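Enquirer: Given the structure of chain A, go ahead and fit chain B onto it with the hints provided.
2 protein chains.
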Amino acid sequence: MSERVLAGTIRETDVEKSILLKGWVQKRRDLGGLIFIDLRDRSGVVQVVFNPNHEEALAVAETVRSEYVIEVKGQVILRDENTINPLMETGKVEVIATEVSVLNKSNNPPFLIQDETDVAEDLRLKYRYLDLRRSPLQETFKKRHQITQVVRNFLNDEGFLEMETPILTKSTPEGARDYLVPSRVHPGEFYALPQSPQLFKQLIMMSGFEKYYQIARCFRDEDLRADRQPEFTQIDIETSFLTSDEIMTMTERMMQKVLKEVNNVDIELPLPRMKYQEAMERFGSDKPDTRFGLELIEVSTVLANSDFKVFQGAIASGGKVCLLNVKGEAANFSRKDIDKLTEFVNVYGAKGLAWLKVEANELKGPIAKFITEEEKKGILESAAAEEGDLLLFVADKTSVVYDSLGALRLKLGKELGLIDESKYNFLWITDWPLLEYDEELGRYFAAHHPFTMPFEEDIEKLETDPASVRANAYDLVLNGYELGGGSLRIYKREQQDEMFKVLGFTREEAEEQFGFLLDALEYGAPPHGGIALGLDRIVMLLTGRSNLRDTILFPKTASASDPLTDAPSEVSEAQLTELSIHLNS
Amino acid sequence: MSERVLAGTIRETDVEKSILLKGWVQKRRDLGGLIFIDLRDRSGVVQVVFNPNHEEALAVAETVRSEYVIEVKGQVILRDENTINPLMETGKVEVIATEVSVLNKSNNPPFLIQDETDVAEDLRLKYRYLDLRRSPLQETFKKRHQITQVVRNFLNDEGFLEMETPILTKSTPEGARDYLVPSRVHPGEFYALPQSPQLFKQLIMMSGFEKYYQIARCFRDEDLRADRQPEFTQIDIETSFLTSDEIMTMTERMMQKVLKEVNNVDIELPLPRMKYQEAMERFGSDKPDTRFGLELIEVSTVLANSDFKVFQGAIASGGKVCLLNVKGEAANFSRKDIDKLTEFVNVYGAKGLAWLKVEANELKGPIAKFITEEEKKGILESAAAEEGDLLLFVADKTSVVYDSLGALRLKLGKELGLIDESKYNFLWITDWPLLEYDEELGRYFAAHHPFTMPFEEDIEKLETDPASVRANAYDLVLNGYELGGGSLRIYKREQQDEMFKVLGFTREEAEEQFGFLLDALEYGAPPHGGIALGLDRIVMLLTGRSNLRDTILFPKTASASDPLTDAPSEVSEAQLTELSIHLNS
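For the record, the sequence lines run as chains A and B. Taking this note's numbering, I'd label the letters of the first sequence as residues 1 to 585. Taking this note's numbering, I'd label the letters of the second sequence as residues 1 to 585.
These are computed hints drawn from the structure, not numbers from a lab. Hints should not be assumed to be uniformly reliable.
Identical copies carry no separate label here, and so any pair may be met within one copy or between two of them.
[Stated by the list, open to error] Derived pair list, reagent style DSS-like, types lysine-lysine, alpha-carbon separation capped at 30 Å:
| id | residue 1 | residue 2 |
| --- | --- | --- |
| 1 | Lys492 | Lys27 |
| 2 | Lys411 | Lys492 |
| 3 | Lys414 | Lys287 |
| 4 | Lys143 | Lys92 |
| 5 | Lys492 | Lys105 |
| 6 | Lys143 | Lys257 |
| 7 | Lys17 | Lys327 |
Every value quoted in this text rests on a predicted model; they were computed, and no experiment measured them.
So that you can see chain A by itself, here it is in the shape it has in the complex (with noise of 0.2 Å):
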């Protein structure tokens, strides 16, 4: 008898071997005196048939059930031509068994493992270890592994060195809420665990590294998202003495790489780039899915003068009146239909959804009375409208326009099928501003983060213009779904200092809490810049998944729990006695 034989391996040239099986029952069949079990292991499903001939084994097979873990003997043989199964990739045989002996049992499992599954996802998330047998999700996993290793192998090649940064660190205000953990050495006083590494990585490249990497996990306290969870993990990147350029186009070659090794898909380079000024303005939006087009047209030099009131007061205070043309459908939207599409972009902040249709030459709907004939003509041309077009028009401030046309864009591209989805559109966003303000605190905030360098040319505006000052930054952006992005970064104490003032640091503030990094700045800090694209949510688009849960092997449910092993939960007095705190009554 030879070594173990994965299942899912065996084809017709190993018929007549005598071979040995381990794995699960997934269905126990009785027909006519012999027993069929399909049986799983991690490569696959194999049919096994109990006979008459071999009495103990067929004994044995009567008392298995699903899930039971089993050893089975047997002679692989060609299956009849009318039972092959063209569904299955070992359907042309099936293996006689000879012997077979329960290594485990299993109770009654409380949903079948099956790739198609309708389980509530919290009975799954219980029973992870159950839902993960299922073959969509061992598919997953499988690719989540040679997707980090095909990373790992570029990087090593490219000379980066695979480098851990600390867990347990220092909390800073910035960004998303720290998650925090007491010190029992030093009572009173907390690590942080890191949203991410980017202190650390640029203080590699201060140890004179130059290249580094780090599949690296990272925390953030927030509100849970559909597409958020308080752990995740992202391919961590930081160098020195590269151009922004040269950084994007060693990453393009990475995500190349990638696509080709896991899903055989070639991609062009370079990758298309977009400013983020043009991707707002074209897409409503700073992640744009290009794999269809419906984009937005500005109207607002047309209307300026409208005698419908909320498009000429959009423009007059200073906003702007945008329209899709959704080529075609204005037969197929009926006023309810159209409701419903402002009611969706009412969650945006659009405070409603004018609409026109093209019909018999002419502009019909409730607004057509105030459009003139010059206005109609402006429309007409600058929508490329038809006969038969459907013109949905919002019209406020500029930042409502581009989210709710942004949102409804993507949302009719969905539902009217004009996306294709075999494509894998990349796109670079650059040219991101470096600041944005937050008018109820009224201050300005980093973009990105405090490290970000701005453009050159745009210093000299940081006290004067801060708004208009760009970042030397980019986002990469697949199907709509942000990827990552990076930065170079400041590694002048002057400019990083300069930087902390317009984000409204005191000299001492800033000290407190980034002194360590200010020092270092000092001491010969070389030029350098990075990146970090999301590991769970590249996984998420190259294997169709729609939810980040199912990329992470033991993920958190939407309140940062896991029914699995019911984390968080109490603790004991004594444990919160050693770390000097207690809970608040």
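Expert: Frame of chain A; chain B shown alone:
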């Protein structure tokens, strides 16, 4: 002008080439109107010469100091025969600078960036980014990268999937202390950072993946000793359906590959194996350094009726008398020297260190008068003692004899130069005790962890004679350091229940803490087992460092703090309020 060239790679074959260099000023020397700069980058150092033919460059060179970051254009030339530096890899060439610019300045560093240093570690940790520029640390982290890369490729080729287990997980009361993380979403509840991915890797086996690995970060809130860090990294492996032999064999092949590819050292397989009991008896240690002899020799039988009360008493109360024969060293150890050794063994609980010297065919020393002729013969024979040998005795309870003489053996081995430092002596320790008895608490503890499988044939003794039950566990030792260990795991519910019972858990306690694992055992858990190896320690041994902190990029001090970032640190009241905790006053 071509692309940037790495300083350390320039050779005679590059002579006459025009090149571009970027890096740090290692050293500047002014000599007869010329300026010599040793330019350092991640690849090494090259000498750059500034001469009056390039006046502008010379003027800039005059302004630079150590650790400035500069960019140099120049031409490679051969050095004059008499200025060749055989200690530098680039010592036959130098670069005549034609242009230079300063990319960043540097303050005078608080210590010199040189290979050997006696600067206090706290200062080096505070300026870790400067310390890391030193060539021995650069080399250490290059090797650390190589080691993980070899391990990953090996395991990938063996069909293992790299998988990430959670860092935010559930607190369990086993083993060393957990780091806790308060939850904002669930007031009063805490996550714990994992001491190891043990439970998750077992769940991965129950998920049907069969071959898992992870270079995993682990956390232990212990009092720190010289060789412990609050966070550390292990090569974590788990497999289904393999025997312990197969797991050990695979691990051996992995380590063989690491040694070969990283240090160009050949190791012969299979690695030697030794049972725990034998290791204790011969070396007084469960991680013996087998690069030298000086083994423990038991002389309890010989001295059972000794007139020397200490010997007789120890044996009568169930202990032992063992000795080390320090060959040929009798003349080199004065009474004072031996007093110091006595103090040394006192630390390990030994009440004294008896000694005898073999001189002129007689045993000499304070206790010689108690030794009968027959005992003398017995001792000389057991110890194969000859003229000039020094015999050092400990008589005590067995654990004290082993601990003290085991430690003394190592100390003498080092001090007497008995150790061949070029050797890599691997050793498997097998047949571990499953349980350890805690005399203070009056109960048994799991020697490894409560999921370790006992030897089949010992299971029946679990209740009747727990101390004699052996674990199906194996530790890998290199040169006296434990690299790590593993075991087969319990995969049947009844056996795990039994184990918890022996460990004194009530059914409810077991359910509350490990219910999810116990459940999982009931749904077709496969036979499984694995191993975990300490990456930091492997790096330490393969780079010849003597300190784990040198193998971790940003380590913590002995008090678990980071002098660079000042972690842990105080946080705001607002942060604590969010987490529903406050500090004990």
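Enquirer: Compare the structure with each hint and give your call.
Expert: For each hint, the structure was consulted:
Within a single copy, Lys492 and Lys27 get their C-alpha atoms only as close as 66 Å, which misses the 30 Å cut-off; across copies the closest is 22 Å, which meets it. For a Cα distance limit of 30 Å, the shortest separation of Lys411 from Lys492 qualifies neither inside one copy, at 45 Å, nor across copies, at 51 Å. Taking the shortest Cα distances, Lys414 and Lys287 sit within 30 Å of each other inside one copy (16 Å), while across copies they are farther apart (63 Å). In the homo-oligomer, the alpha carbons of Lys143 and Lys92 lie at most 30 Å apart inside one protomer (27 Å), although the nearest pairing across protomers, at 49 Å, exceeds that limit.
Taking the shortest Cα distances, Lys492 and Lys105 sit within 30 Å of each other only across copies (9 Å), while inside one copy they are farther apart (65 Å). Proximity of Lys143 and Lys257 under a CA criterion of 30 Å is satisfied in both settings, with 14 Å inside one chain copy and 26 Å between copies. For the identical chains of this complex, Lys17 and Lys327 are neighbours neither inside a copy (62 Å) nor across copies (61 Å), given an alpha-carbon limit of 30 Å.
When held up to the earlier numbered hints, the structure conflicts with 2 and 7 and fits the remainder.
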